[in-house]
Amino acid sequence: MKSHVWRPLFVVLVVIALVLVARTLLVPADFGVGARGYMYGWHRAGNEQQWKDMKVKYKTAAFCKDCHPDKYDEMKESPHRNINCENCHGPALNHPDDPKSLTIDRSRELCARCHTRLPYPNSGRGIMKGIDPKTHNVGLDCVTCHWPHDPRKEGHKK
Amino acid sequence: MISRRSFCKKSLLFAGGLAIPLSCLELFDPKRLLAEKDQKGPRWVFLVDTRKCVGCGFCVKGCKVENEVPYDANVTRTWVERYVVTTDGKTHIDSPKGARDGFPNKGIDIGHGKLEEIKDDDIDKAFFVPKLCNQCDNPPCVQVCPVGATYQTADGVVLIDRSWCIGCGYCIMGCPYGVRFFHPVFHVAEKCNFCYHRITKGMQTACVDSCAFGARRVGNLRDPEDPVTKVIMTERVNVLKEEYGTKPQVFYLGLSKEVK
Amino acid sequence: MVHGEAWTIKEFFTYPNEYIYWTIQIVMYPFMTGLVAGAFVLSSLYHVFGVKQLKGIARFSLVFSFALLPVAMLPLLMHLQQPLRGIEVMMTPHFTSAIAAFGIVFSTYGMIVASELWFVFRKHFVETALALKSIEGRSALQQGQYLLFSVLTLGAWDISHEALEADERAVKKLAAAGIPVACFLHGYAGFIFGSVKANALWMTPLMPVIFICSAVVSGIALCILTYILTMEIRKQLSRRRRLAHPELPSMEELKSAEAHVVAMTSRYLLMFMVAAITLELLDLIFRGYTAVKSWDILRSVIYERDFVNIFVVQYGLGNLVPFVLFLIPGLTIRRAVVGTVLVLLGVFMMRWNVVIGGQAFSSSFSGFMHYVLPLWPDNMETLKEGLVGALIVAGVPFCIFYVLNKVMPVFKETH
Numbered sequence: 001m002k003s004h005v006w007r008p009l010f011v012v013l014v015v016i017a018l019v020l021v022a023r024t025l026l027v028p029a030d031f032g033v034g035a036r037g038y039m040y041g042w043h044r045a046g047n048e049q050q051w052k053d054m055k056v057k058y059k060t061a062a063f064c065k066d067c068h069p070d071k072y073d074e075m076k077e078s079p080h081r082n083i084n085c086e087n088c089h090g091p092a093l094n095h096p097d098d099p100k101s102l103t104i105d106r107s108r109e110l111c112a113r114c115h116t117r118l119p120y121p122n123s124g125r126g127i128m129k130g131i132d133p134k135t136h137n138v139g140l141d142c143v144t145c146h147w148p149h150d151p152r153k154e155g156h157k158k
Numbered sequence: 001m002i003s004r005r006s007f008c009k010k011s012l013l014f015a016g017g018l019a020i021p022l023s024c025l026e027l028f029d030p031k032r033l034l035a036e037k038d039q040k041g042p043r044w045v046f047l048v049d050t051r052k053c054v055g056c057g058f059c060v061k062g063c064k065v066e067n068e069v070p071y072d073a074n075v076t077r078t079w080v081e082r083y084v085v086t087t088d089g090k091t092h093i094d095s096p097k098g099a100r101d102g103f104p105n106k107g108i109d110i111g112h113g114k115l116e117e118i119k120d121d122d123i124d125k126a127f128f129v130p131k132l133c134n135q136c137d138n139p140p141c142v143q144v145c146p147v148g149a150t151y152q153t154a155d156g157v158v159l160i161d162r163s164w165c166i167g168c169g170y171c172i173m174g175c176p177y178g179v180r181f182f183h184p185v186f187h188v189a190e191k192c193n194f195c196y197h198r199i200t201k202g203m204q205t206a207c208v209d210s211c212a213f214g215a216r217r218v219g220n221l222r223d224p225e226d227p228v229t230k231v232i233m234t235e236r237v238n239v240l241k242e243e244y245g246t247k248p249q250v251f252y253l254g255l256s257k258e259v260k
Numbered sequence: 001m002v003h004g005e006a007w008t009i010k011e012f013f014t015y016p017n018e019y020i021y022w023t024i025q026i027v028m029y030p031f032m033t034g035l036v037a038g039a040f041v042l043s044s045l046y047h048v049f050g051v052k053q054l055k056g057i058a059r060f061s062l063v064f065s066f067a068l069l070p071v072a073m074l075p076l077l078m079h080l081q082q083p084l085r086g087i088e089v090m091m092t093p094h095f096t097s098a099i100a101a102f103g104i105v106f107s108t109y110g111m112i113v114a115s116e117l118w119f120v121f122r123k124h125f126v127e128t129a130l131a132l133k134s135i136e137g138r139s140a141l142q143q144g145q146y147l148l149f150s151v152l153t154l155g156a157w158d159i160s161h162e163a164l165e166a167d168e169r170a171v172k173k174l175a176a177a178g179i180p181v182a183c184f185l186h187g188y189a190g191f192i193f194g195s196v197k198a199n200a201l202w203m204t205p206l207m208p209v210i211f212i213c214s215a216v217v218s219g220i221a222l223c224i225l226t227y228i229l230t231m232e233i234r235k236q237l238s239r240r241r242r243l244a245h246p247e248l249p250s251m252e253e254l255k256s257a258e259a260h261v262v263a264m265t266s267r268y269l270l271m272f273m274v275a276a277i278t279l280e281l282l283d284l285i286f287r288g289y290t291a292v293k294s295w296d297i298l299r300s301v302i303y304e305r306d307f308v309n310i311f312v313v314q315y316g317l318g319n320l321v322p323f324v325l326f327l328i329p330g331l332t333i334r335r336a337v338v339g340t341v342l343v344l345l346g347v348f349m350m351r352w353n354v355v356i357g358g359q360a361f362s363s364s365f366s367g368f369m370h371y372v373l374p375l376w377p378d379n380m381e382t383l384k385e386g387l388v389g390a391l392i393v394a395g396v397p398f399c400i401f402y403v404l405n406k407v408m409p410v411f412k413e414t415h
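Residue numbers (our numbering), protein chains in the order written: chain A, 1 to 158; chain B, 1 to 260; chain C, 1 to 415.
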């Protein structure tokens, strides 16, 4: 090893050593092979908890029921019973503490999602009650005539 | 001439020398692997009943809000496709804004803002197909991640580490289903994760909760009593693009051959 | 705006999240690594296989390969959404991904080329350092140069005949080791594409081999071109200098040397070109013959949408025309320049047609995406992934070469 020919090799070894030192400093301690092995599970374990800690925004009708049992019961009897409160009232977020955070959507477009007539045979959509929003009482909100919690009842007519 | 003794000595030295840098790399830790094998926890799967979907798009809206994907950005973790098969044998497919606002037009969106009108009488069949990440058992997106920023958890969900993703886009290219995209705010890869923060708390995913028609359901394949598992085990279910060998874990009822 | 939306035009049905995510920088990346690998293989032909005719271009292409090396990484960094995290490829490599090998292969290759350069130029380093040392009262600049060259010797000051012979043996060994690494460096760039099973156009085991062949073609072409250009400059300079120093080579000597080197090198160019075209056509024919599910959409992309790009620009202008130009007997320098420029265009278009063409259709096989190259940057994204970004990447190696040439004079006779 006395020959000068090996000098570049020493430089290379120093570089490799530097990279390995950098690895110990930069790689998080919990980085490693997870449950699915090296191919599918090579990751930073702490990230799983980070995803679990994400905030839940839609809290479901069960959450609304506690304070609004009347609305809840009315809905459960109606043809709209399967629609979640938050589909139209917006995600609960911090609702009881911060009532204004609710974003209630009364637009025609919301109702039109299901009730625009699309003539599709052999699809659930084909048998739904539908209208053509371009001709059906243009300019009026649907809730003027139809009570959304129970469409069999009349709406908000003044 | 090389003696046997020196040969053995040298090869041992060589093997030992190779082992040192390998141990520095610390890629495989057998103890850790063994401890985490044979997990008993859940395996999350999804069941989509295309016969029930009416294309209202509430699932897309709910998903975008729940998972903080900017509402007006033209990317989405889940979407709904419309298939209209006409009498001339053609299949017309669209998904305007991923069906975030449902399907407000009868015409088919054919790109750059144009609509193709189809006469009612020409329709042979038409249906909607919700799409989301398949949480494949052999996720090609995870295989191609160069840095270990995307991975599969023990319960089968593929997650992305937003603090580690370098944004090369290889996973986006590797997914045959087109579920991945770059998050417009965080600038890292993004995709559906079955609302991991909800299912791990015993809740349903946001799309399941917002579906009024029962077209979407999430379940645990390792629980034989789970209603979703029962359907998958006893009924005729199908998956998307099986030919890629990805073993997708989103199962479909009423899938048609036109579905891409 | 979503990444990719600025330059993607969608037609018919594409999945909502599909955009052209890999753009011009990913075209530049295999193009640049191809030039690196090709230039290195060319220099190795002399060092390893003793192809004497290539002596004039061997040292030049070695230095040029080194100048191109950092630029092979540049397009990747410009493409990354999180460029500062690029180092993670070395920190937590996930070797089931073709890209993860990049850090290792790239640095291995870089070290081999750097070591080889060190052996080739060690004598020059020592001589320069000694010459500077002997100057009494060095200026700050000279002192800096002296320090630089002293460090570059790595403390090996022995330039006896035996030591220099040892150098040459080392160069030969490194060049031999470098060929497979250079091929691997580029072959794996082909593997990055060829292994994407989700992409019908990319997925073929031939991809790495096609990439290597076209890499060598482009590398040789660029070396010839740059060689001719530098020789022209030297001719102009020598015309002026010869008035003062008549012992310098005459115009005629330079000219004949140049013509000889170009003619020799272009033979190797042709050989690799034949291999590259054969493989590409084989791939195309095979796809058409087997006509699996994806063929319908691939056919409409290859024969209709990208017809001009593929058959007119790539195969016609980029392969056929230069092929004829080089085959006509009595190769002139001017014709060689036109030929090599066209070859470079052809290889660039091949990369373009693979990278952009592979994203020209939706993975639903029911729609198309069209890439509009951002010409004028209006934000950081269109700067990085537009024409300007590509031009930066194309221009940087020449700047690096200029600097390297100051330290390692390519045209000075050393050994």
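Just so you know, these hints were derived from the structure itself, not from any lab.
It cannot be assumed that every hint is accurate.
[Said to hold, decoys possible] BS3-like, lysine-lysine: derived pairs with alpha carbons at most 25 Å apart: (1) A:Lys65 x A:Lys76; (2) B:Lys40 x A:Lys52; (3) A:Lys57 x B:Lys230; (4) A:Lys134 x B:Lys114; (5) B:Lys106 x B:Lys247; (6) A:Lys134 x A:Lys100; (7) C:Lys293 x B:Lys90; (8) A:Lys134 x B:Lys241; (9) A:Lys129 x B:Lys201; (10) B:Lys114 x B:Lys90; (11) A:Lys59 x B:Lys201; (12) C:Lys197 x B:Lys247; (13) B:Lys257 x C:Lys52; (14) B:Lys247 x A:Lys76; (15) B:Lys90 x A:Lys65; (16) B:Lys52 x B:Lys230; (17) B:Lys247 x C:Lys293; (18) B:Lys241 x A:Lys59; (19) B:Lys257 x C:Lys197; (20) B:Lys201 x A:Lys55; (21) C:Lys52 x C:Lys172; (22) B:Lys241 x C:Lys235; (23) C:Lys52 x B:Lys241; (24) B:Lys119 x A:Lys134; (25) A:Lys129 x B:Lys257; (26) B:Lys201 x A:Lys52; (27) A:Lys129 x B:Lys125; (28) A:Lys57 x B:Lys90; (29) B:Lys230 x B:Lys241; (30) B:Lys247 x B:Lys40; (31) A:Lys129 x B:Lys241; (32) B:Lys90 x B:Lys106; (33) C:Lys235 x C:Lys52.
Against the structure, the hints:
1. As the CA atoms of Lys65 (chain A) and Lys76 (chain A) are separated by approximately 11 Å, the hinted pair is consistent with the 25 Å bound.
2. Pair hint Lys40 (chain B) plus Lys52 (chain A) holds up; C-alpha atoms about 19 Å apart against a cutoff of 25 Å.
3. Using a Cα cut-off of 25 Å, the hinted pair Lys57 (chain A) and Lys230 (chain B) is violated, with the two alpha carbons roughly 30 Å apart.
4. At roughly 19 Å between alpha-carbon atoms, Lys134 (chain A) and Lys114 (chain B) fall within 25 Å of each other, so this suggested pair holds.
5. Among the hinted pairs, Lys106 (chain B) with Lys247 (chain B) is inconsistent with the structure: their alpha-carbon atoms are about 35 Å apart, more than 25 Å.
6. With a C-alpha separation of about 32 Å, the suggested pairing of Lys134 (chain A) with Lys100 (chain A) is violated against the 25 Å cut-off.
7. Of the supplied pair hints, the one linking Lys293 (chain C) and Lys90 (chain B) holds, its CA atoms being roughly 17 Å apart against a limit of 25 Å.
8. Pair hint Lys134 (chain A) plus Lys241 (chain B) does not hold up; C-alpha atoms about 39 Å apart against a cutoff of 25 Å.
9. As the CA atoms of Lys129 (chain A) and Lys201 (chain B) are separated by approximately 37 Å, the hinted pair breaks the 25 Å bound.
10. At roughly 18 Å between alpha-carbon atoms, Lys114 (chain B) and Lys90 (chain B) fall within 25 Å of each other, so this suggested pair holds.
11. Under the criterion of a C-alpha separation no larger than 25 Å, the hint pairing Lys59 (chain A) with Lys201 (chain B) is consistent with the structure, at around 12 Å.
12. At roughly 14 Å between alpha-carbon atoms, Lys197 (chain C) and Lys247 (chain B) fall within 25 Å of each other, so this suggested pair holds.
13. Distance hint between Lys257 (chain B) and Lys52 (chain C) is unfulfilled; the C-alpha atoms sit about 63 Å from each other, more than 25 Å.
14. This hinted pair does not check out: Lys247 (chain B) and Lys76 (chain A) have alpha carbons roughly 39 Å apart, beyond 25 Å.
15. Restraint check for Lys90 (chain B) and Lys65 (chain A): the C-alpha separation of about 48 Å exceeds 25 Å, so the hint is violated.
16. A C-alpha spacing of about 18 Å is found between Lys52 (chain B) and Lys230 (chain B), which places the hinted pair at or below 25 Å, so the restraint holds.
17. Annotation: proposed proximity of Lys247 (chain B) to Lys293 (chain C) holds, straight-line Cα distance about 19 Å (limit 25 Å).
18. For the suggested pair Lys241 (chain B) and Lys59 (chain A), the alpha carbons sit about 34 Å apart, so the restraint of at most 25 Å is broken.
19. As the CA atoms of Lys257 (chain B) and Lys197 (chain C) are separated by approximately 21 Å, the hinted pair is consistent with the 25 Å bound.
20. Distance hint between Lys201 (chain B) and Lys55 (chain A) is fulfilled; the C-alpha atoms sit about 11 Å from each other, no more than 25 Å.
21. Taking the CA atoms of Lys52 (chain C) and Lys172 (chain C), the gap is near 14 Å; set against the 25 Å cutoff, the hint holds.
22. Proposed proximity of Lys241 (chain B) and Lys235 (chain C) is contradicted: the alpha carbons are some 63 Å apart, above 25 Å.
23. Note on Lys52 (chain C) and Lys241 (chain B): the hinted pairing is violated, with a Cα-Cα distance of about 56 Å set against a maximum of 25 Å.
24. Restraint check for Lys119 (chain B) and Lys134 (chain A): satisfied, since their Cα atoms lie roughly 17 Å apart, inside the 25 Å limit.
25. A distance of roughly 28 Å separates the Cα atoms of Lys129 (chain A) and Lys257 (chain B); the hinted pair therefore is violated under the 25 Å criterion.
26. A hinted pair counts as satisfied when its Cα atoms are at most 25 Å apart, and Lys201 (chain B) with Lys52 (chain A) qualifies at roughly 8 Å.
27. Proximity of Lys129 (chain A) to Lys125 (chain B) is assessed by CA-CA distance (about 19 Å); at most 25 Å being required, the pair is judged to hold.
28. Simply put, Lys57 (chain A) and Lys90 (chain B) have alpha-carbon atoms about 41 Å apart, too far for the 25 Å limit, and the pair is violated.
29. A hinted pair counts as satisfied when its Cα atoms are at most 25 Å apart, and Lys230 (chain B) with Lys241 (chain B) qualifies at roughly 23 Å.
30. With a CA separation close to 20 Å, the supplied pair Lys247 (chain B) and Lys40 (chain B) stays within the 25 Å bound.
31. Our distance criterion of 25 Å between C-alpha atoms is broken by Lys129 (chain A) and Lys241 (chain B), whose separation comes to about 34 Å.
32. Restraint check: the Cα-Cα separation between Lys90 (chain B) and Lys106 (chain B) comes to about 16 Å, which is no more than 25 Å; the hinted pair holds.
33. With a C-alpha separation of about 23 Å, the suggested pair Lys235 (chain C) and Lys52 (chain C) falls inside the 25 Å cut-off, and the hint holds.
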